[in-house]
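Using the sequences plus the hints, can you model the full thing?
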Amino acid sequence: MTDLPPATTRSANEPRTSRPFRVAEAIKGWVVEQGLKPGDRLPPEAELIERFGVSKGTVREAMRLLEAQGLIKTRTGPGGGSFVHEVSRQRTKALLANYFFFKHLSIDDIYELRAVLEPKLAASLAGKLAPEVLDELGAVMASYARPSRTLEEERAQHVASLRFHAILAEQARNPLLGLIIDFMVTLLSDLTVYRRLYSPRNLELWRQGFDHQSRLIAALREGDAEAAEAIMAEHMQIAWKLMRAQEAVIDNAFISHI
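In terms of our numbering, the sequence shown opens at residue 14 and continues consecutively.
Check the hints yourself; a few may be wrong.
Simulated DEER-style distance windows between Cβ atoms [claimed, not checked]: (1) Gln47 x Asp264: 49 to 55 Å; (2) Arg162 x Ser119: 28 to 34 Å; (3) Arg186 x Leu164: 37 to 43 Å; (4) Arg54 x Ser101: 16 to 22 Å.
Using 35 Å as the maximum straight-line C-alpha spacing, the simulated DSBU-like pairs for lysine-lysine come out as follows [stated by the list, open to error]: (5) Lys50 x Lys133; (6) Lys86 x Lys69; (7) Lys41 x Lys69; (8) Lys106 x Lys69; (9) Lys86 x Lys50; (10) Lys69 x Lys254; (11) Lys41 x Lys133; (12) Lys86 x Lys106; (13) Lys69 x Lys116; (14) Lys106 x Lys141; (15) Lys106 x Lys133; (16) Lys254 x Lys41; (17) Lys106 x Lys41; (18) Lys106 x Lys50; (19) Lys50 x Lys254; (20) Lys106 x Lys116; (21) Lys69 x Lys50; (22) Lys133 x Lys116; (23) Lys254 x Lys141; (24) Lys41 x Lys86; (25) Lys141 x Lys50; (26) Lys116 x Lys86.
Rather than coming from a laboratory, the hints here were simulated on the basis of the structure.
A virtual CB, placed ideally from N, CA and C, is assigned to each residue, including glycine.
Structure, rendered in structure tokens:
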């Protein structure tokens, strides 16, 4: 029989962890110990009940918790059962976004991290991107090769320009760095849309962004890590300043209508 993790308290005001939660944690630990990989089948329910010394209801609730976390997939019918599942980046970002749902993040909150991390990412990718990735970056830029003429175009161009950074994040050799940057890009894209930070249209933001991204692609293609880092650092600082100004316009407009 496998021992369960001890029940702990997070704070004086929070309840002790539930037994199903502790069983779910124990199953995760057992998966690691056994070296199971995505797609591997978990033991049947009866074996889990015996292994962890708990009731059928507790095991079923623990499995529901693991499935909600995206760590297992359950299939019915012939060949069915519960299988180890790798959590996708998209699902991970969605779960992280839930934590920040009521945090009221600002442009400063996001760019404070972007300004530190993205130049390092750019330097690490210089000379290491496949031609098709560089072509994809160029194709994204083609979608905003000229200034927007309407607010709808402005919104689409903001989102597309952030897609440029998401592509770079997907290429990170360091998966943690890539995930953090990709998540921040997603947050910024969502923030831009729901707070309408693309209004009013900002020609300087477009011009600076397009120029920096063009020069960045050239540095990445040439394998010039120092230039790639410097270009991205400059891009982050200018975009930060201009996006902060956009945020101030929206905030002032809101206050003036109160």
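Against the structure, the hints:
1. Gln47 x Asp264: 49 to 55 Å: holds, 53 Å
2. Arg162 x Ser119: 28 to 34 Å: Holds, at about 29 Å.
3. Arg186 x Leu164: 37 to 43 Å: holds, 38 Å
4. Arg54 x Ser101: 16 to 22 Å: holds, 20 Å
5. Lys50 x Lys133: Between lysine 50 and lysine 133 the Cα gap is close to 31 Å, so the pair holds against 35 Å.
6. Lys86 x Lys69: holds, 18 Å
7. Lys41 x Lys69: holds, 18 Å
8. Lys106 x Lys69: Since the Cα atoms of lysine 106 and lysine 69 sit roughly 32 Å apart, the hinted pair holds (cutoff 35 Å).
9. Lys86 x Lys50: Answer holds: lysine 86 to lysine 50 is near 13 Å, not above 35 Å.
10. Lys69 x Lys254: This hinted pair is violated, its Cα atoms lying about 57 Å apart.
11. Lys41 x Lys133: Roughly 33 Å between the alpha carbons, so the hint for lysine 41 and lysine 133 holds.
12. Lys86 x Lys106: Within the cut-off at roughly 19 Å; holds.
13. Lys69 x Lys116: Distance of about 38 Å is beyond 35 Å: violated.
14. Lys106 x Lys141: Holds, because 26 Å separates the two Cα atoms, which is no more than 35 Å.
15. Lys106 x Lys133: The given pair, whose Cα atoms are some 21 Å apart, holds under the 35 Å limit.
16. Lys254 x Lys41: Violated, at about 44 Å.
17. Lys106 x Lys41: Holds, at roughly 21 Å.
18. Lys106 x Lys50: Holds, at roughly 22 Å.
19. Lys50 x Lys254: violated, 45 Å
20. Lys106 x Lys116: Status holds; Cα separation ~16 Å.
21. Lys69 x Lys50: Satisfied, since the Cα-Cα distance of roughly 25 Å is no more than 35 Å.
22. Lys133 x Lys116: holds, 27 Å
23. Lys254 x Lys141: Holds, at about 30 Å.
24. Lys41 x Lys86: Given that 35 Å is the threshold and the Cα spacing comes to 14 Å, the pair holds.
25. Lys141 x Lys50: holds, 29 Å
26. Lys116 x Lys86: holds, 31 Å
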